[in-house]
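Can you build the whole structure from these sequences, using the hints too?
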Amino acid sequence: MTKKKAKSIFVFGCLAPAVILVCVFMVYPTIEVFRTAFFQKSNFVAEETFAGLFNFQTLLKDTTFIESIQNMILYVVLITLITMTLAILFATLLTREKIKGSNLFRVIFYIPNILSIVVVAGMFSAIYAPTNGILNTFLSMIGLDGLRQQWLGNPDIINYSIIAALVWQAIGYYMVMYMSAMTSIPENLYEAASLEGASRVKQFFMITLPLIWNNIRTTLTFFVISTINLSFMFIQLTTDGSLATETPLNYMYNTAFAGKYGYGMAIGAIVFIISFLLSALINKVTERDTYEF
Amino acid sequence: MNKDGFKLYRIFVYVALITLAITIVVPIIWVMLASFKTQLELVSGNPFDLPQQFLWQNYVDAFNKARMGDYLINTVIVTALALVILLVVALPASYVLARFKFLGKKFFNGLFMAGLFINVNYIVLPIYLMLFKADMFLGFNFFLNNLFWLAVVYAATALPFTVYLLASYFRTLPKAYEEAALIDGCGHFKTMMKIMIPMARPSIITVILFQFLAFWNEYVISFTFMDKENATLAVGSKYLMADAKSQANQGVMYAGLVIIMVPTLILYILVQKKLTQGMSLGGLKD
Numbered sequence: 000m001t002k003k004k005a006k007s008i009f010v011f012g013c014l015a016p017a018v019i020l021v022c023v024f025m026v027y028p029t030i031e032v033f034r035t036a037f038f039q040k041s042n043f044v045a046e047e048t049f050a051g052l053f054n055f056q057t058l059l060k061d062t063t064f065i066e067s068i069q070n071m072i073l074y075v076v077l078i079t080l081i082t083m084t085l086a087i088l089f090a091t092l093l094t095r096e097k098i099k100g101s102n103l104f105r106v107i108f109y110i111p112n113i114l115s116i117v118v119v120a121g122m123f124s125a126i127y128a129p130t131n132g133i134l135n136t137f138l139s140m141i142g143l144d145g146l147r148q149q150w151l152g153n154p155d156i157i158n159y160s161i162i163a164a165l166v167w168q169a170i171g172y173y174m175v176m177y178m179s180a181m182t183s184i185p186e187n188l189y190e191a192a193s194l195e196g197a198s199r200v201k202q203f204f205m206i207t208l209p210l211i212w213n214n215i216r217t218t219l220t221f222f223v224i225s226t227i228n229l230s231f232m233f234i235q236l237t238t239d240g241s242l243a244t245e246t247p248l249n250y251m252y253n254t255a256f257a258g259k260y261g262y263g264m265a266i267g268a269i270v271f272i273i274s275f276l277l278s279a280l281i282n283k284v285t286e287r288d289t290y291e292f
Numbered sequence: 000m001n002k003d004g005f006k007l008y009r010i011f012v013y014v015a016l017i018t019l020a021i022t023i024v025v026p027i028i029w030v031m032l033a034s035f036k037t038q039l040e041l042v043s044g045n046p047f048d049l050p051q052q053f054l055w056q057n058y059v060d061a062f063n064k065a066r067m068g069d070y071l072i073n074t075v076i077v078t079a080l081a082l083v084i085l086l087v088v089a090l091p092a093s094y095v096l097a098r099f100k101f102l103g104k105k106f107f108n109g110l111f112m113a114g115l116f117i118n119v120n121y122i123v124l125p126i127y128l129m130l131f132k133a134d135m136f137l138g139f140n141f142f143l144n145n146l147f148w149l150a151v152v153y154a155a156t157a158l159p160f161t162v163y164l165l166a167s168y169f170r171t172l173p174k175a176y177e178e179a180a181l182i183d184g185c186g187h188f189k190t191m192m193k194i195m196i197p198m199a200r201p202s203i204i205t206v207i208l209f210q211f212l213a214f215w216n217e218y219v220i221s222f223t224f225m226d227k228e229n230a231t232l233a234v235g236s237k238y239l240m241a242d243a244k245s246q247a248n249q250g251v252m253y254a255g256l257v258i259i260m261v262p263t264l265i266l267y268i269l270v271q272k273k274l275t276q277g278m279s280l281g282g283l284k285d
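Residue numbers (numbering that gives the first Met the number 0), protein chains in the order written: chain F, 0 to 292; chain H, 0 to 285.
Cβ-to-Cβ under 10 Å is the rule here; a few derived chain F residues that face chain H:
hint, residue
1, I8
2, F9
3, F11
4, A17
5, L20
6, L88
7, Y109
8, P111
9, M122
10, F123
11, A128
12, G132
13, F231
14, Y252
15, A268
16, S278
Just so you know, these hints were derived from the structure itself, not from any lab. This structure is a prediction, so every number in the text was calculated from the model and none was measured. Just so it is clear, CB atoms sit at the ideal spot from N, CA and C, and this is done for glycine as well.
Have a look at this one:
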């Protein structure tokens, strides 16, 4: 056996299992989503009829679908803005200020990320419960009875209640990520800025933000995808799309299981493309010259 | 900034930090306490009251009536199996992608990168349908409702992220070790097993920690693939939540949430430093 042949066999043997698994359980199913979107297919049977663009045309007139896309955009925009702002703010405070117990805060803030979304949903059901929920009881205790709400029962605020829960879930993860980026910024940059008389706010915008910009970009790109998925799971576990909280993936799941499989996959295909385009757009818009230190 | 202003600013910082910490710690402790409460206390009592007694009955019911004991065993099996399959498959692939030049290398790198953008929620139904058809062909349930295949799907869908993480780590290791091993007559396989994989230990630990949490907590795939008597903890908790909405048993539901939550919390407390440091290796999540 020649050396070259041995190398080829080794490379093939190492790569083949992973490639096969990814092709069978990721590539093929993804192709299937896009293919069956063009078919009329009733539930889990083999028969399918080609329907051209029919599923997509129906979608454009489907008010539930349009509502779900609106919710998705609301979620992505608000959750991204609030989570990123708070995560960057708290990361800055914990790295730049001399905080007593900063390590303990970091440990606590990360906890929601290790909890199953089922646990998060169960917790927020208890927090938002109408009569003796944690939040309403707390509001009464501090004399703010007027603020008591049907947090998961009033269609006007239910989406914001869900957004709050998802922000709560995400802050710590991104905060820890930005903290590790911020601690690698050399201290002498800040010392020099202090000597020049730059305020803390100015230091943040002139030093911290530009130097962690690449981290922010990467996280933003994936945050969109992650938000769409987490909101799906959270909503499936709490409202299941009732009370104007439908999200596209939940609608896809329920539609496909209710027998309109092809139609469900058309929803999946569109959401997939939207989320991909959103990620690409964010990636483009946030493009800056990279600063090195 | 003058001295008073600075003091005010410090107070504001602490208030903000402590508020966020409270919103995280209180609900977790609350769920733990609620798991010991009676139905009456949960439905009509003040939520901030402590349980009148430590009622273990909720846990007994969760294990016996709600089968959380079976689900716990299933979850342990699936999580362990999926981690083993994932590492056995991902390590050689990552090593080869990071270290060897071969035809189509760019394509395979691209394949795994593209996988990062495919979330399992989009493809869980086509995977289900594929396994369903395969079972129809065989004439009996072999792929669906089977813990082994559930673990295979977990591992497969975690591959892109894992390969990305491990390959970036392999790239940072010095080449000299492999060259020395090859000169000494060590084959490719032996070099990988004896030298390179042991050197990649930090990244392997990161993968195990992250994916343990992901597999342990996973519920969409498990909910879609497994029958109720064969479910995992997260799905069992979902059933308990649905029960709690319709009838009694709220305490049992909270007991269920504690059962799924406690192992992850213990692991986190033991390894929190490694976990949060490992994030700078990966840099993204799905």
